[in-house]
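K.L.:
Now for the letters of each chain:
2 protein chains.
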Amino acid sequence: MSGDQKQYKNPKPTVDILIELDGRPGELVFIERANEPRGFALPGGFVDEYEWVADAAVREAKEETGLDVELIELFHVYSDPSRDKRMHTVSTVFIGRAKGTPVGSDDAARAVVCAPDKLGKPLVFDHATIVADYAAYKARGVRPPPKR
Amino acid sequence: MSGDQKQYKNPKPTVDILIELDGRPGELVFIERANEPRGFALPGGFVDEYEWVADAAVREAKEETGLDVELIELFHVYSDPSRDKRMHTVSTVFIGRAKGTPVGSDDAARAVVCAPDKLGKPLVFDHATIVADYAAYKARGVRPPPKR
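The listed protein sequences correspond, in order, to chains A and B. To convert a position in the first sequence, counted from 1, into this note's numbering, add 114. To convert a position in the second sequence, counted from 1, into this note's numbering, add 114.
Rather than coming from a laboratory, the hints here were simulated on the basis of the structure. The structure presented is a predicted model; accordingly, all values stated were derived computationally and were not measured. There may be inaccurate statements among the hints.
Note that identical chains are pooled: a pair holds if it fits in a single copy or bridges any two copies.
Pairs of lysine to aspartate or glutamate, DMTMM-like flavour, derived with a Cα cap of 25 Å [claimed, not checked]:
#	residue 1	residue 2
1	Lys261	Asp136
2	Lys261	Asp182
3	Lys123	Glu177
4	Lys123	Asp240
5	Lys199	Asp162
6	Lys123	Asp162
7	Lys123	Asp194
8	Lys123	Asp220
9	Lys261	Glu177
10	Lys199	Glu163
11	Lys252	Glu187
12	Lys235	Asp194
13	Lys261	Asp240
14	Lys123	Glu163
15	Lys123	Glu165
I would like the entire structure built from these sequences, with the hints used as guidance.
P.N.:
Here's what the structure looks like:
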């Protein structure tokens, strides 16, 4: 670290994963969070120092759902300073694919697989925006705007 | 910040910008760095806390080149722990467009506009990878693999 960086505070890198399951077209894996903020969310978490963001996504998916996720593509980056009330996070969001049945563990009280519009519960953080952007991307091939 | 996050160290979010100039097709804006590591690079820098990554990209482009950049799209995220010898950084890379002539300032000793394969100098950090990925994207529409 160079001396002139020490005085700055920086946002924290996180990951979130849009997991598509084999045999469940149009559905995604959601978790019910075991910790604050409570509610439903995409699987995800913090990137460790010296960890690639892609590896963090695979690790968090495994920890929270038990699934071995193959990352298909990097979808987008979400950095609204108000996206997480606890601190400023910058989330790299991946689209991944997995087989099997997710089982909630670690930060996840349980995991559910359903179509985004059938969840029937609000999503925490800015995950409703991420899921809406994903739905638009799948339907029309349109990626989110640069500032998201 | 929740108590259970305090013990972790995290990588630092950065941005880099692939700037296309009106009237200069096939060329990009590069800077010669005024600080270590010395050499040529894409314009970019650290994301401040409470700053959107897209705003950081526009700010850094302005500071280092004087250009008012319009971001066109979010290209990819680069997080190789060895990409910057000083510390682990996670860079969100944007493609942007600008008019005019870049003038190096701040971290940039000077700015140059040229085709990536005509620069004639090695790029610092992992910027040669970013530029090669960009060239492949422009030529064939192929985005980089998720882990980059």
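K.L.:
All hints, please: hold or fail.
P.N.:
Hint check:
no., hint, in the structure
1, Lys261 <-> Asp136, "between (32 Å within a copy, 22 Å between copies)"
2, Lys261 <-> Asp182, "between (30 Å within a copy, 16 Å between copies)"
3, Lys123 <-> Glu177, "between (28 Å within a copy, 19 Å between copies)"
4, Lys123 <-> Asp240, "both (22 Å within a copy, 24 Å between copies)"
5, Lys199 <-> Asp162, "both (20 Å within a copy, 17 Å between copies)"
6, Lys123 <-> Asp162, "both (17 Å within a copy, 7 Å between copies)"
7, Lys123 <-> Asp194, "both (16 Å within a copy, 21 Å between copies)"
8, Lys123 <-> Asp220, "between (28 Å within a copy, 20 Å between copies)"
9, Lys261 <-> Glu177, "between (30 Å within a copy, 19 Å between copies)"
10, Lys199 <-> Glu163, "both (22 Å within a copy, 13 Å between copies)"
11, Lys252 <-> Glu187, "both (13 Å within a copy, 18 Å between copies)"
12, Lys235 <-> Asp194, "within (22 Å within a copy, 37 Å between copies)"
13, Lys261 <-> Asp240, "both (13 Å within a copy, 24 Å between copies)"
14, Lys123 <-> Glu163, "both (15 Å within a copy, 6 Å between copies)"
15, Lys123 <-> Glu165, "both (20 Å within a copy, 11 Å between copies)"
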